[in-house]
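K.L.:
With these hints in hand, go ahead and build the complete structure from the sequences.
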Amino acid sequence: MNTVVKIENLVKRYKELVAVDHMNLSIEQGEIFGLLGPNGSGKSTIINCLLSLTNYDKGEITVFGEKMRADNYSVKGRIGVVLQNVAVFDELTVYENIDYFCGLYVKDKAKRKELVQEAIAFVGLEEFVKFYPKKLSGGLLRRLNIACGIAHKPELIIFDEPTVAVDPQSRNKILEGIQELNRQGATIIYTSHYMEEVEQICSRIAIIDKGQLVATGTKEELKSMIQTGETIRVEVPEMTSEVLFGLEKLSHVLSVEYNDGLATIKCSGGRHNVLHVLEFLNNTETSFGRVFAEQPTLNDVFLEITGKELRDEVQ
Amino acid sequence: MKAVLKVAKKALPSASIYFGIFCAIMFVFTFFAGKDQEKNFQATELTIYVDDADDSVLSRTLIEYLGSENKITTEFDKEMVSEYLFNGYTDYVLYFEEGFEAGFFAGKEGGIERQSIRANVAFVDQKIEMFFRYVRAELALGKNMEDACGAVLKNCEKQAKVGVVSVSKGGIMGMVPGYYLLSYLAYILPAVLIMILGPMMHAFYKKDVKMRTDCGMVSVRKQNLAVVAGVAIVASVVWALLMVLGALVYHKDFTVGTFLCGMLNSLLFLLVSIGIAVLSGVLVKGVDALNGANNLISMGMAFTCGVFVPADFLPEGVNKFAEFLPASWYMKNVRMLFEEGEMVDNMRKFFENCGVIAIFSVAIFCVFLVVVKRKRVA
Amino acid sequence: MIYYMYRVKRLLRNKTLFFWTILFPLGLATLFKFAFSSITEKTWGFDTIPVAVTTESGVAAEAMFVEFLEGMENDGAAFFSVTETDKDNAEKLLSEKEVTAVIVLGEETEVLIYENGLNATVVKTVVDNYLQSRDIFMEAAMTGRLAEVTESFADETETLAVREFEGASKDPMIQYFQALVAMASLYGAMYGLLNTGEMNQNQTVVAARRLAAPMKKLPTVLADVAAACTIQYLQFLLILAYYLLVLKVDFGRVNGWLFVAGALYSLFGVLIGYFFGCVLQKEKGIADSVMTGCIMFSCFLGGLMVGNMRMILETSAPIVNRINPATLIAESMHALCVIGDMGWFARCMISIVLWCILLIIVSVVALGYHQRKIGREGKKA
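So the sequence lines, in the order shown, correspond to chains G, C and D.
This note's numbering puts the first residue of the first sequence at 1, with every later residue one more than the last.
This note's numbering puts the first residue of the second sequence at 1, with every later residue one more than the last.
This note's numbering puts the first residue of the third sequence at 1, with every later residue one more than the last.
You may find that some hints are simply not true.
Pair by pair, the computed Cβ-Cβ distance ranges are [to be verified]:
1. C/Arg60 x D/Glu41: 34 to 42 Å
2. D/Val364 x G/Asn72: 29 to 37 Å
3. D/Leu245 x C/Asp55: 49 to 57 Å
4. D/Gly256 x C/His251: 34 to 42 Å
5. D/Gly256 x G/Gly185: 52 to 60 Å
6. C/Phe321 x D/Gly256: 46 to 54 Å
7. C/Phe321 x G/Glu118: 56 to 64 Å
8. D/Gly106 x C/Arg60: 30 to 38 Å
9. D/Val364 x G/Val11: 39 to 47 Å
In silico lysine to aspartate or glutamate, EDC-like type, Cα no more than 16 Å apart, as pairs [to be verified]:
10. D/Lys15 x C/Glu129
11. C/Lys143 x D/Glu156
12. D/Lys216 x G/Asp71
Hints listed in this document are in silico derivations from the structure and should not be mistaken for laboratory results.
Bear in mind the structure is a predicted one, so any value in this text is a computation, not a measurement.
The C-beta atom is built at its ideal place from N, Cα and C for all residues, glycine as well.
P.N.:
So this is what it looks like as C-alpha cells:
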C-alpha cells in the first residue's frame with residue numbers, strides 16, 4: 001500500500017499555545033482515515049498545515065511522496081477539500097459555484113462541464129442548479145459545499161467536520177457519500193468530534209487531544225487497547241454495600257459505581273458478563289429493573305486514555 | 001414600547017451623521033447671508049480682470065470709467081485666465097496691447113480685446129465702445145488725449161435717476177440664514193426620519209415578528225399604540241432638536257409671525273415626512289435597500305423641489321413635476337415667508353399651501369394603512 | 001480565465017455594490033442635471049430684456065431713442081423688446097413684472113425698475129449712455145462743432161476685439177459632473193475592498209478554501225484586480241454614455257484620451273480599495289467606513305458639493321489639488337475636455353499613476369506584514 005500523507009514530527013505553536021505537538025501520522029492509500037478529538041484539540045490546525053494554509057514551526061509533511069509546500073501546485077491539484085464552514089459564494093448559483101471551484105483545478109472546459117454534472121448528480125442537487133446558496137436549506141448547503149470540494153475527482157479528499165449542524169437525514173447521506181467516494185478510489189481524511197460517525201465510516205482512526213496523538217489504529221485495535229470490554233448498567237432501586245462489594249468481586253468486573261439507583265459495572269472482555277451479574281443480583285435477592293449492556297465505544301477509549309469524556313467537550 | 005424605541009436607538013449613529021451634515025450646511029450658509037437691500041438702485045457689480053500692457057492715459061481712463069461700477073482686478077495669474085472665467089471668478093477680462101493708445105489715436109481698429117463666457121455681459125462691450133466714441137468726440141473738439149479723457153469722465157458723472165419699485169429680501173441667492181434653516185429642513189426631516197423610523201417599522205411589521213407579537217398578551221390595539229407612540233416620540237424629538245438648534249442660531253431672522261408660520265409649516269411637513277418614513281419602512285426590504293431608497297427619496301425630492309437649488313433656477317418641467325411632491329409646497333411657503341416681506345397679504349395663499357401639505361400627509365398615511373393591512377392578510 | 005469571469009459575475013451580482021457604484025452615481029447625475037442645467041443659462045445666458053418706454057410728449061428725440069433701443073443687438077438677438085406706452089400703463093406692466101424697467105423720457109429722464117439686478121443695470125447703463133451722448137452733442141452744438149462730433153460718433157471703427165474663450169464647454173456646472181465621475185471612480189474601491197476580503201485565509205472561509213486550490217497567488221490577485229477594473233470601467237463608460245446621450249451634459253471635447261483616462265481612473269479606484277483592505281485587515285466594517293469617509297472627503301475637496309472647490313483650493317492650498325485623488329480625476333477631465341491642455345492632462349495622469357504605484361507598494365507591504373502575523377498568531381478558530 002502506498003502512503004498518501006506522511007506527517008513527521010509536526011509542531012505548530014500559536015504564541016504560547018502549542019496547537020500541534022510533535023505529531024506523527026501516516027495515511028495510506030484507500031483509507032478513510034478519521035481524526036477524532038474534542039474541539040480545540042488541533043484537528044483543524046493539522047488540516048491547515050497539511051494544506052499549507054498555515055506555516056508550521058517544525059516537522060515535515062509529505063503528500064503523494066512530495067514535500068508539501070504552499071506553491072506545490074501539482075500536489076494541491078490532487079487534493080480536494082471540504083472545510084468545516086460552508087465555503088461558497090453567495091453571488092453564484094449552485095452550478096456556478098461548483099464550476100468555479102472545479103475550474104480552480106480543471107482548465108479544460110468540456111471536461112469540467114462533465115465533472116460538474118457528475119458532482120451535482122453525486123450530491124443530488126440536480127433540482128437546485130439555478131438556486132443561489134441563500135435559498136438552500138442547511139443540509140443542501142452542506143451538499144453543495146461537498147460538491148465544490150470533490151468535483152475535480154481528487155485522489156485525496158479532506159473532510160473537516162462536514163456534518164456539524166446537519167440534520168440526521170442529511171448526515172447519513174453525507175456519510176454514505178463519503179464511503180462511496182472511498183469505494184471509487186479516493187483516500188479520505190475525515191475529522192470529527194462525533195465518535196459515532198468516525199466509528200461508522202473510518203477504517204483507521206487517530207485520536208487526538210491537546211495537539212498530541214493519543215492513539216491510532218482501527219476501531220477494534222483502539223478498543224482492545226483499553227481494559228474495559230463491556231459496560232453493564234442495571235437499574236437497582238436499593239443496593240446494600242455487601243451486594244456492591246460482592247459485585248466488585250465477580251471475575252471480569254473491573255469497577256462498580258452506584259448512583260441514583262443505577263449501577264454501572266465495567267467488565268473486561270468476556271462472554272457472559274451480563275449473565276454473571278444478573279445471576280449474582282438474583283442470588284442476593286436484590287431486585288432490579290432494566291438492564292443495558294454496551295460494547296466499549298471510542299468515547300470509552302478516549303476516557304480511559306485521557307481521563308475525560310470526549311462528549312463533554314462537544315457541548 | 002421599549003423595544004420600539006430600542007430599534008430606533010440603533011439608527012442613532014447614522015442619523016447623527018445627517019445632523020452633522022445639516023449643521024455644517026447651515027454653518028456654511030451663514031456666510032452666504034444676503035444683505036438687506038435698500039430701496040435704492042444698486043448696479044450689479046461685475047468682476048473685471050484687466051491686463052494693461054499699454055498703461056497709457058486712455059487705458060487708465062477706461063479702467064477708471066469701468067471701475068466706478070465694477071470690481072477691477074489687475075493682479076491675476078495670466079496662465080489661469082480660462083480657469084478664472086470658467087469658475088466665475090471674473091466675469092470679463094480686458095487685454096490692452098502695447099501701443100493701444102497710439103493705435104487708437106491713429107484710428108486703427110483693435111489693440112484691445114475682451115474675453116468672457118457670459119452672454120449677458122455684452123452690454124459692457126457697448127459701454128466700452130460708447131466710451132471710445134466719447135473720447136473720439138472730445139478729441140474732435142480739439143482736446144488733447146489727457147483733457148479729452150478728463151472731460152469724458154466728468155461727462156459720465158451724468159446719470160439717469162432710478163426708482164426701485166419693490167424690495168425683496170435679497171433675491172434668490174441672498175437669503176437670510178433662517179431661510180436656509182427652514183428650507184434644508186425639507187431635506188433633513190425625511191432623511192433622518194427614514195433612517196430611524198424605517199428600520200423600526202421594518203422590524204415591527206416583519207411577518208414573523210408580527211405573528212409572534214400577535215400571539216403575545218398585548219392586544220393589537222396596544223401594540224399599534226406603542227408603535228404610534230414610538231414614532232411620535234422619535235419624530236418630535238428630531239423636530240424639536242432641529243427647531244431649537246435653528247432658533248438658537250437664527251432667532252434674529254424671525255419675527256414672531258414668521259416664526260409661528262414657519263413652525264406650522266414645518267410641523268405639517270413633519271407629518272408628511274413621518275408618513276414617507278413609515279411607508280418606506282414597510283415597503284422596502286432590508287437596511288441596505290432602505291439606505292439606498294432614503295438617498296433617492298430625500299435627495300431626489302430636495303433637488304426637484306428647490307431645496308438645494310432655488311426653484312427659479314430649475315427647468316420648467318422639473319418645477320411642474322415637483323408639484324406632485326409635498327416638499328415643493330412646503331418650499332413655496334418658506335419662500336413666501338422670507339421673500340415677499342409682507343406676510344399678511346399672502347396669509348390666504350400660505351394656508352392654502354398648508355392645506356395641500358396636509359392632504360399629502362393624509363394620502364400617504366392612507367397608503368401606509370392599506371399596505372400594512374395587506375401585509376397582515378398575506 | 002474562469003477565475004476572472006466568475007469574479008466579474010460575482011461582483012456584478014452584489015446588489016449593494018451595484019446600487020452604490022452604478023445606480024447612485026446615475027441617480028445623482030440625474031438630480032444634478034435637474035438642479036444645475038439651467039443655472040448657467042439663467043445667470044449667464046443672454047435674454048432679451050423687456051422694457052417700457054413712455055412716449056407721451058411725442059418729441060422726435062423720443063422716437064429716435066426708441067429706434068436706438070430697438071436697434072441694439074447682441075449676437076443677432078435684440079437687446080430689448082420695447083413697449084411704447086403711457087406712464088400709468090408702464091407702471092402697471094412693471095408691477096406685474098411684465099417689463100424689467102420703465103424708461104420715463106422727458107425733461108428729467110428716469111428709469112423705474114422693479115428690483116435690482118443685472119438686467120436693471122443693463123437698462124440703466126444704456127440710458128446713461130444716451131444721456132451722456134446727448135450732453136456731448138449739446139455741448140458741441142453750443143460750441144458750434146456739431147459736425148465734428150457727429151462725424152466722430154458715426155465712426156464705425158470697432159476698437160474692442162473679442163477674444164474667444166478657449167474652453168470647449170462654457171458651463172461651469174459640468175464641474176459637478178466631473179466630480180461625480182471622480183466619485184464613481186473612487187467608489188470602485190468598494191470592489192477592491194471586497195476582493196481583499198478573500199486574500200487571506202483568516203478573513204473568510206472561502207478564502208481558505210480557495211488557497212487550498214492549485215492556483216498561483218499572483219495570477220489570482222491580478223485576475224481579481226482585472227475583474228474589478230473591468231466592472232469599474234464598464235461603469236465609467238455607462239456613466240459617460242448617460243451624461244452624453246441621455247442627460248446631454250455639455251461635457252466639452254470627448255476624445256480617445258478620455259477612454260484611456262477612464263481605465264486609469266478605474267484602476268485607481270480599485271487600488272484604493274485594496275489599500276484599505278490590506279492596511280486595515282482586522283475589521284472589515286472599520287475599513288469600510290473609514291474608506292467611505294475618506295472617499296467622500298476627497299470628493300468634497302474635488303468639488304462634489306461645492307462646484308468650484310478646486311479653484312478655491314487652487315488659490316488657497318494648491319498642494320491639495322496636486323494630491324487629492326478626486327481632484328486629480330476631475331481636474332484631468334477638465335484639462336482634457338474643457339481646456340484641451342494636454343500638458344496639464346498629462347501631469348494629472350502622471351500623478352494618478354504615481355498614486356497607483358504608491359498604493360500597490362503600501363498594499364503589498366501591509367499584506368506581507370499581516371500574513372506573517374497570521375502565521376505567528378494563527379486564526380481564532
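K.L.:
All the hints need checking, so say for each whether the structure fits it.
P.N.:
How the hints compare with the structure:
no.: 1; hint: C/Arg60 x D/Glu41: 34 to 42 Å; result: holds, 36 Å
no.: 2; hint: D/Val364 x G/Asn72: 29 to 37 Å; result: violated, 23 Å
no.: 3; hint: D/Leu245 x C/Asp55: 49 to 57 Å; result: holds, 51 Å
no.: 4; hint: D/Gly256 x C/His251: 34 to 42 Å; result: violated, 58 Å
no.: 5; hint: D/Gly256 x G/Gly185: 52 to 60 Å; result: holds, 58 Å
no.: 6; hint: C/Phe321 x D/Gly256: 46 to 54 Å; result: violated, 38 Å
no.: 7; hint: C/Phe321 x G/Glu118: 56 to 64 Å; result: holds, 58 Å
no.: 8; hint: D/Gly106 x C/Arg60: 30 to 38 Å; result: holds, 36 Å
no.: 9; hint: D/Val364 x G/Val11: 39 to 47 Å; result: violated, 30 Å
no.: 10; hint: D/Lys15 x C/Glu129; result: violated, 62 Å
no.: 11; hint: C/Lys143 x D/Glu156; result: violated, 21 Å
no.: 12; hint: D/Lys216 x G/Asp71; result: holds, 7 Å
Consistency note: the structure conflicts with the earlier hints numbered 2, 4, 6, 9, 10 and 11.
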